[in-house]
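> Protein chains in written order, with the working numbering: chain A, 145 to 485; chain B, 145 to 485.
I should point out that these hints are in silico values taken from the structure, not numbers from a laboratory. Possibly wrong hints are sitting among the right ones.
Stated by the list, open to error - Once the Cα atoms are required to be at most 30 Å apart in a straight line, the calculated DSSO-like pairs of lysine-lysine come out as:
#1 B/481 with B/421
#2 A/421 with B/412
#3 A/416 with B/397
To be verified - Which stretches of chain B does chain A cover? Using the computed rule of at least three CB atoms under 8 Å from a CB of chain A, they are:
#4 159 to 170
#5 384 to 392
#6 412 to 418
#7 430 to 437
Note that the Cβ used here is the ideal one computed from N, Cα and C, for glycine as well.
Number of protein chains: 2
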Amino acid sequence: MFKNDLYLRALKGEIVERPPVWMMRQAGRYLPEFIKIREKYDFFTRCRTPELASEITVQPIRRYGMDAAILFSDILVIPQAMNIEVEMKPGVGPWLPNPIRTQKDLDRVIVPDVTVELDYVMKAIKASKDLLNNEIPLIGFAGSPWTILCYCVQGQGSKNFDKAKEFCFTQPILAHTLLQRITSTTIAYLKEKVKAGVDAVQIFDSWGGMLSPTDYQEFSWQYINQIIEALKDEVPVIAFGKGCWFALEEMAKSKAAALGVDWTINPKIARKLAGSKITLQGNMDPSRLLSSPSHIKKMVTEMIRSFGKDRYIVNLGHGILPNIPLENAKAFIDAVKEFEA
Amino acid sequence: MFKNDLYLRALKGEIVERPPVWMMRQAGRYLPEFIKIREKYDFFTRCRTPELASEITVQPIRRYGMDAAILFSDILVIPQAMNIEVEMKPGVGPWLPNPIRTQKDLDRVIVPDVTVELDYVMKAIKASKDLLNNEIPLIGFAGSPWTILCYCVQGQGSKNFDKAKEFCFTQPILAHTLLQRITSTTIAYLKEKVKAGVDAVQIFDSWGGMLSPTDYQEFSWQYINQIIEALKDEVPVIAFGKGCWFALEEMAKSKAAALGVDWTINPKIARKLAGSKITLQGNMDPSRLLSSPSHIKKMVTEMIRSFGKDRYIVNLGHGILPNIPLENAKAFIDAVKEFEA
C-alpha cells in the first residue's frame, strides 16, 4: 500500500532493516519554506485552509524524506470546537480569554459535532494524503484530555499549571466532567480523522509529567486509555507522555501500538519498564540538535543501539525547536537512514 | 545538643519514633507574618538584613513547629557575589540583565571572597541560631551549579532553559569553566555557612531534570558531587534534584546523607532505586496542599507508610506554593506529628 511502510511495520513489531524516523513538530517553525507561509497567514488560517495545512505537512518530507508525515494542526482545535475561545497571542502562545474554572464556565462547554466543527481538519487530511501519494503514512493527533484541560483551566501555557491542578484537586467532580467531555470529543474527532485517511494517531500528553503517579492515573491515563480502546481496532495508537516515565509499565499494558518517551529516560530503562512487546518512540533531547552534525549522528547511532533497531521509532523526546539549523535536522534523519545493524 | 534532634537523627539513619518534617520554602510567601515584612522591605533587603532574614526563618517554626528551620535566603546570592547582576523583577522573578553567553561575558565572572561578599548571609545564620535557641537544627542551602548556570545564561526563569542548554551544547568548554567557578564559590560559601552555624546543607538542583541522564552526569551531577565531597566531613549534605529520578541510583552511591525526591516518583520506586542505606526526603505534590485538611492528613500518612518511617524526612516534592491556606500547611505538619507506626 505504501512505497515506504517502515513506520507501520515498526508499529506492528515486525523485523525491519532499520528503524523508521520522524520528528515531533517536524512541520513548522525551523523550516524557511514554512516561515514564508507564516509571514502571509496567521496560525488558525494555516490550520483551517486545507491547501496551506497540507503544504506545510509535506514540506519537511520533501526536504528530508522522513518515514512518516504528521498533519499540520494544533491540539487546541478541540477546545475551540467545544465552544472555548482560543487565540494565539504573538510572544505568549495559546491564550484562552475565558478559562474554565467554575460550574458556570463548564455549562457552556459542549461536545460538538466534529464532522461540522472540525471539517476543515478532515479536508486538510485528504489534501495531505493526495500530496503524499502513498509514499509514506500520515499521522493524525490529539492532545490528551489532561493536557487540553491544562490549557482550558490555566488559560495559557504555564511552568506548573498551578490553576489547572488547583481546579482538579479542589473541584474534582467538575474536573472529571470536563475531562470526559474532552475525551468524548477527542474520540469522535480521531475516528473522523481515520475516516478522512490518517494511518495512525498519536496522543500528546505534554503535561502528564506534572502529576504524581496516583494523580496521573486519576486525571490523565484513564482518559487516554478510553481513547486507545475506542481507536485501537481502526489504526495504531501511539501514546506520548512527556515526563510520564513513572507510568510506562502501566501504559505498556494497554492496547497502544507504541509509547513515546522523552529524553530524561535512559533507553534501556524505558525498554525494561515497557517490556519487550510494545514499540517505543523517542527520545533525543531537542536541544541536542544544537550539537554539531557529526556529534548528532554519533548520538543517533548510540540511541538506536540502546533502544534496539526493532519495535522502535526514532524521534526526538519533544518537538523540534525553532532555532535548529537545517543541516542539523538533516544529520538526525540521515543518521537513521545510514544506520547499519 | 538540640531539644529536638529528629531531623539530624533521620539524616544519620537512626531509628526514630516518627519521621521529622519540614517544607521547602517554608519561610515565605504563604505566611501572613511574612507578607507584612514583604510589604515594607524588598527582596534583597530581606536577604541582606540579618534581623529580617532570621525573623523570616523562624516565623514558620513559631506557627507550626517544624523539626528543622531553613535559612531565608536565595540561591542567586551566589551569582550576585560572582559579579553577575541579579534583580528581582515583580511579576517576572529573577532577572539577570547581562547574561553569560560568550567568553567575554565569562571574563567578568569571578570566584569571590565569600567571607566579604556574603558576610550578610553568615550574620543572618548567627541571628537565626540565636532565635532558634538550640530547639531545632538550621539548614543552609545553595543551588546546584547547573541550576545557577541556567539563570546566569538564560537571564531569567524559563520553561525549558533553551539558551542555557544551547550554551552548554555548543560551547561546552565555556560551560564547564563557568560551572567550575560556581562550584568553587559554592564550596567556599557552604563551608563558611557551616562555620557560621548551619547544621546541615541542602543542594537544590531545580533544573537538573531538564537534562538527559548522560548530560546530567556531565553538566550537573559531577559538580554537585564535588560539593558533597568537600562538605561531607563537616555536616550532612542533602541533594535534591527535581525531576532527577533517573540519577537516583548514581546519587545514592555518593557521600550525601540524604536525597530529596519530587512527587513524580512513587516512594517505593524511589527507595528501590536509592537502596536501603540512604535517607530519602519528600515528596508530596505542593499543589496537593490545596486538598482539604483531612485529605492532606490521609495522603501524608500513606506517604510515610510508603517511604517507611526510618531514613525518611517528610517534605513536599518542591517549594510550598503562595496560595496554600494556613490550615492546610498545618494539616501537613500535624499529620506527621500524629503519625503512629
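> Which numbered hints does this structure break?
4 and 6
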